[in-house]
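2 protein chains.
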Amino acid sequence: MSLEVRAVAKGVRNAQRRLGAAGGSKRTEALHSLSRLLSAREDEILEANRGDLDAARASALAAPLMARLALDAHKLENLREGVLSLARRPDPMAEVLRETELDEGLILRQVPSPLGVLLVIFESRPDAVVQIGALAIRSGNGVLLKGGREAGRTNRVLVECLRESLADAGLDPNAVAGLEGREDAAAALDLHDLVDVVIPRGSGELLETIRRSTRIPVLGHSEGVCHLYIDEKADPEMAARLAVDGKCDYPSACNATEALLIHREFLPRAGALMTALAEAGVEPRADQFCKPCFPDSILATEADRGREYGDKILALFAVTDVWEAIEMIHRHGSGHTDAIVTENPDTATIFLREVDSASVFHNASTRFADGYRFGLGAEVGISTGRIHARGPVGVEGLLTTRWILRGRGQCAGDYGPGKRSFTHRSRKTT
Amino acid sequence: MSLEVRAVAKGVRNAQRRLGAAGGSKRTEALHSLSRLLSAREDEILEANRGDLDAARASALAAPLMARLALDAHKLENLREGVLSLARRPDPMAEVLRETELDEGLILRQVPSPLGVLLVIFESRPDAVVQIGALAIRSGNGVLLKGGREAGRTNRVLVECLRESLADAGLDPNAVAGLEGREDAAAALDLHDLVDVVIPRGSGELLETIRRSTRIPVLGHSEGVCHLYIDEKADPEMAARLAVDGKCDYPSACNATEALLIHREFLPRAGALMTALAEAGVEPRADQFCKPCFPDSILATEADRGREYGDKILALFAVTDVWEAIEMIHRHGSGHTDAIVTENPDTATIFLREVDSASVFHNASTRFADGYRFGLGAEVGISTGRIHARGPVGVEGLLTTRWILRGRGQCAGDYGPGKRSFTHRSRKTT
Chain U
517 MSLEVRAVAK GVRNAQRRLG AAGGSKRTEA LHSLSRLLSA REDEILEANR
567 GDLDAARASA LAAPLMARLA LDAHKLENLR EGVLSLARRP DPMAEVLRET
617 ELDEGLILRQ VPSPLGVLLV IFESRPDAVV QIGALAIRSG NGVLLKGGRE
667 AGRTNRVLVE CLRESLADAG LDPNAVAGLE GREDAAAALD LHDLVDVVIP
717 RGSGELLETI RRSTRIPVLG HSEGVCHLYI DEKADPEMAA RLAVDGKCDY
767 PSACNATEAL LIHREFLPRA GALMTALAEA GVEPRADQFC KPCFPDSILA
817 TEADRGREYG DKILALFAVT DVWEAIEMIH RHGSGHTDAI VTENPDTATI
867 FLREVDSASV FHNASTRFAD GYRFGLGAEV GISTGRIHAR GPVGVEGLLT
917 TRWILRGRGQ CAGDYGPGKR SFTHRSRKTT
Chain X
517 MSLEVRAVAK GVRNAQRRLG AAGGSKRTEA LHSLSRLLSA REDEILEANR
567 GDLDAARASA LAAPLMARLA LDAHKLENLR EGVLSLARRP DPMAEVLRET
617 ELDEGLILRQ VPSPLGVLLV IFESRPDAVV QIGALAIRSG NGVLLKGGRE
667 AGRTNRVLVE CLRESLADAG LDPNAVAGLE GREDAAAALD LHDLVDVVIP
717 RGSGELLETI RRSTRIPVLG HSEGVCHLYI DEKADPEMAA RLAVDGKCDY
767 PSACNATEAL LIHREFLPRA GALMTALAEA GVEPRADQFC KPCFPDSILA
817 TEADRGREYG DKILALFAVT DVWEAIEMIH RHGSGHTDAI VTENPDTATI
867 FLREVDSASV FHNASTRFAD GYRFGLGAEV GISTGRIHAR GPVGVEGLLT
917 TRWILRGRGQ CAGDYGPGKR SFTHRSRKTT
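Chains as they are written, first to last, in our numbering: chain U, 517 to 946; chain X, 517 to 946.
The set of hints was computed from the structure by calculation and includes no laboratory data.
Keep in mind that a hint or two might mislead.
[Claimed, not checked] Simulated pairs of lysine to any residue, SDA-like, Cα-Cα distance not exceeding 25 Å:
{"id": "1", "chain 1": "X", "residue 1": "K749", "chain 2": "U", "residue 2": "I623"}
{"id": "2", "chain 1": "X", "residue 1": "K807", "chain 2": "X", "residue 2": "L783"}
{"id": "3", "chain 1": "X", "residue 1": "K944", "chain 2": "U", "residue 2": "R943"}
{"id": "4", "chain 1": "X", "residue 1": "K749", "chain 2": "U", "residue 2": "G621"}
[As the list claims (entries may be wrong)] Chain U is nowhere near these chain X residues, computed Cβ spacing over 12 Å in every case:
{"id": "5", "residue": "S541"}
{"id": "6", "residue": "D570"}
{"id": "7", "residue": "A579"}
{"id": "8", "residue": "R665"}
{"id": "9", "residue": "V673"}
{"id": "10", "residue": "N690"}
{"id": "11", "residue": "A703"}
{"id": "12", "residue": "E799"}
{"id": "13", "residue": "A819"}
{"id": "14", "residue": "E824"}
{"id": "15", "residue": "I903"}
Beta carbons are placed, not taken as given, at the ideal position from N, Cα and C, and that holds for glycine.
Could you put the whole structure together from the sequences, leaning on the hints where they help?
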């Protein structure tokens, strides 16, 4: 089995090299073709999906998983829109990032280059096949797609569409391949010489399991423990609004607010906040300082610090100033997204400068931490890692660079003390 | 022991957060102070170094290691120059990389941010303490420095200088710490929650050993198997010059040329190349097609493909065209640096476009692949990894980004179909 997966991955690697070196217009053509195929083969896709849904129903799959598994004409239309919007965006590989004249007739350019081969492991959502496949084509990457078993029939048709779209554009279809079964996934996680990055799409547990079982870099986030610090000088109405939106807009999202850090001087003005949380049906868990202002709350324990509830539960901790808030965020946060509410610009500046998280906000909901909202177009995921990509990751997160040097036969030994000097004239900097 | 290293690393992490958030002028001040301290404490440094050298002599350390271990007034002067040149460069953290208006009064900025805590493991060269320490200060990173046992006395004084320079600038000296002994290094490699990147400075073996023993991302290169492809249309004199420079300028460097791929049609014109290699004292190992043109060569075997000699030995393989050369580079190269010699611009374009290595050159020696020559200033190392940094890595390689959003109380739930729309007006793009 392992040998077979290695052969498939080698095929992806070889095809990817040609995909990455092809002109951007070919990759754009493939995306247009993909959008057409998703229309032309819609019946086939939905039929395969019905097959998956029937089998899932028979094995009593949980309702939220069923909802993620299901495709319909509307979801397909959204997917086509996403593919076309990627096709309309400028080729991310066309740009020269940096250009330096090292000496007369010796010109160095740094240019974007695909990461190489992505291994994407996702749970039951078949939309991920199209989204990630399209991102990979746009960025010249090869991709091994391993979806959940429940979506096997649907995924197979969608992988066929991706491959066909490459062939339509005169590109090698082997740049995209589907994997099935746990053994295949495990074998692929061992291929650190052929796979450049693993992208898990699913729960934090999925990511942690993968991170523990591979030496390949993993792109993604395991936890989203986001804080909202309500400063002494916060507008009480705004604090209430941001707390409710941060918690309730989508409580199980990674960018949902999990804890409020409340300045003790703000507590006497927390009435609007208390009412808003109660009206929104949020269960507050307050420490001893906050409890008197939130009489309906239950007492928070140490276990409520740094906890991702994924539900309409919110921890409330009192702090004495912005510095204590920052300290608590560094100690208990997950480096995902943290926000401050304050009308004091100096305190905001301290917070924005000091908090070492991927996204740091002033007077805005933590829920804005998202590739679409950030204007990055399609989203690869949100990274809480610090290496390579951090925060919401767009197509750029699937690119690395190459250095291209054009000369006239220059030798390194010609340069040095008493010999030629470098000019290092910058023509363009990143 | 492990607990102690964890405590030290925690101290570095805490101090680093303040170092990263401090103004760039403070970090510049620390670098100026470091340069002064290296002068003021020169006698002490050289005395400690003599102690290390005496002990090394007594234990019969190999001559090349002795040479790397030794410091003198001239080497210290160079180190001071390097530190000052970093101090003179603009603060890499001052730039705004991207700015987008998400909506009126909702402004997103992507700004540089330190990676966090670096763990630098190096062999006997004490210069690495100053070079890496200065790079860390410039980029706001904390650093754990683990040098070779032989350089213990010297390293201790140099780490003191780094810490004192931070204190002089009003920064927390604990952002820099020295580690000693193998157990400390092993314990530090386990701290994936506190250390963000490991930078080995030394042999490819050191890097491979480290890569196998940690889950922390490792920045560096394990091998440099660089190819020079001599095209049918190569200028014979230029080919000879680039081959000799690539091989002989510094044969044990990672960017030294290890193999020539020679177009069969070029072979009849390989006389100048043969003579130049012989005069430079290079031992050629030629395949059956090249052998007749290099009568003094020994016959190359399969073991000579993809081999890093690190010596004045050069493999010579014939190819039928540029495509076969590209194929051989992808199969046997290490993705470090590969070059083409040709007067045919179309062939050069194919090569530069298709070869998937960190550095790809036309009519220039592979030896140019170097941070100093590329004009990056001080060099962190050369990366053959594709994630985060690729090729010669300067200060930028020690930075990641943060996303800063400033609003007026906007909620994510306010946006969507039938509600507010994002403007996504780009003010600055990377």
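- Task: Verify that the Cβ of V673/X lies farther than 12 Å from every Cβ atom of chain U, and report whether the claim holds or is violated.
- Result: Consistent with the label, V673/X stays out of reach of chain U, its closest Cβ about 29 Å off (over 12 Å).
- Just double-check A703/X for me: nearest Cβ-Cβ distance to chain U has to come out over 12 Å. Holds: least Cβ distance 20 Å, greater than 12 Å.
- Message: So if I understand the rule, the pair passes when the alpha-carbon distance is 25 Å or less; does K749/X with G621/U pass?
- Response: 20 Å, holds
- Confirm or reject the statement that A579/X sits farther than 12 Å, beta carbon to beta carbon, from all of chain U. Fine: 24 Å to the nearest Cβ keeps A579/X off the interface.
- Was E824/X rightly flagged as not at the interface, with every chain U Cβ beyond 12 Å? Label holds. Min Cβ-Cβ 17 Å, cutoff 12 Å.
- Item | Minimum Cβ distance from A819/X to chain U greater than 12 Å, as the annotation requires | 19 Å, holds
- Non-interface claim for S541/X versus chain U (Cβ beyond 12 Å): It holds; S541/X is separated from chain U by about 14 Å at its closest Cβ, greater than 12 Å.
- Given the hinted pair K749/X and I623/U, is their alpha-carbon gap at most 25 Å? Between K749/X and I623/U the Cα gap is close to 21 Å, so the pair holds against 25 Å.
- Task: Evaluate the condition: distance from the CB of R665/X to the nearest CB of chain U exceeds 12 Å.
- Result: 28 Å, holds
- Message: Please verify whether K944/X and R943/U have alpha carbons no more than 25 Å apart.
- Response: 18 Å, holds
- Is the nearest CB of chain U more than 12 Å from the CB of E799/X? 19 Å, holds
- Should the label of D570/X as a non-interface residue stand, given a Cβ cut-off of 12 Å to chain U? 32 Å, holds
Hint compliance for this structure: hint 15 is the single one not met.
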